[in-house]
Amino acid sequence: MELGRFSISLNVKDIEVSKQFYQNLGFDIVAGDQAQNWLIMQNGEAKIGLFQGMFEQNIITFNPKDIAPVHQKLDEMGVDYSRQMGGQDFPKMAMFKDPDGNNILVDQHDN
Numbered sequence: 001m002e003l004g005r006f007s008i009s010l011n012v013k014d015i016e017v018s019k020q021f022y023q024n025l026g027f028d029i030v031a032g033d034q035a036q037n038w039l040i041m042q043n044g045e046a047k048i049g050l051f052q053g054m055f056e057q058n059i060i061t062f063n064p065k066d067i068a069p070v071h072q073k074l075d076e077m078g079v080d081y082s083r084q085m086g087g088q089d090f091p092k093m094a095m096f097k098d099p100d101g102n103n104i105l106v107d108q109h110d111n
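Taking the UniProt record's numbering, I'd label the letters of the sequence shown as residues 1 to 111.
What the hints contain is simulated information worked out from the structure, not anything from laboratory work.
Please note: incorrect hints may appear among the correct ones.
Stated by the list, open to error - Pair ranges (Cβ atoms, derived):
1) 88 to 58: 17 to 27 Å
2) 88 to 23: 26 to 36 Å
3) 58 to 36: 11 to 21 Å
4) 37 to 87: 16 to 26 Å
5) 77 to 29: 33 to 43 Å
6) 29 to 58: 16 to 26 Å
7) 80 to 44: 26 to 36 Å
8) 83 to 2: 16 to 26 Å
9) 75 to 5: 17 to 27 Å
Just so you know, even glycine gets a beta-carbon here, dropped at the ideal spot from N, CA and C.
Using the sequences and the hints, build the whole thing.
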């Protein structure tokens with residue numbers, strides 16, 4: 001099962017302060033809208049999302065090209081996962097927690 005690209009989505013207190021911090025570490029903004037309180041930043045292969053006020057805990061994220069094998073594996077493992085976010089159904093995602101309560105999002109990207 002290929003989980004794809006890895007990134008982390010950070011719940012930040014002040015997106016401007018966090019943006020400046022990560023820019024000083026060499027990250028560049030590659031997507032997002034600071035006015036909507038979210039930015040995607042990248043340094044080489046490392047990618048982080050900065051999100052202010054959108055969720056409570058940090059989220060480990062994987063972006064496979066095909067989520068079907070991931071759904072199959074999670075079903076085989078008996079992992080309780082959701083395909084919903086914000087009350088909407090997203091068939092190309094799975095949101096669940098690891099044994100320590102860390103949030104994991106597997107989100108298929110078509111690019």
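Structure-based check of each hint:
1. 88 to 58: 17 to 27 Å: The hint (17 to 27 Å, Cβ to Cβ) holds, given that residue 88 and residue 58 are roughly 22 Å apart.
2. 88 to 23: 26 to 36 Å: 32 Å, holds
3. 58 to 36: 11 to 21 Å: 19 Å, holds
4. 37 to 87: 16 to 26 Å: For residue 37 and residue 87 the Cβ distance comes to about 19 Å; the hint holds.
5. 77 to 29: 33 to 43 Å: Check passed, 36 Å falls within 33 to 43 Å.
6. 29 to 58: 16 to 26 Å: For residue 29 and residue 58 the Cβ distance comes to about 19 Å; the hint holds.
7. 80 to 44: 26 to 36 Å: 35 Å, holds
8. 83 to 2: 16 to 26 Å: 19 Å, holds
9. 75 to 5: 17 to 27 Å: 23 Å, holds
Checked against the numbered hints given earlier, the structure satisfies every one of them.
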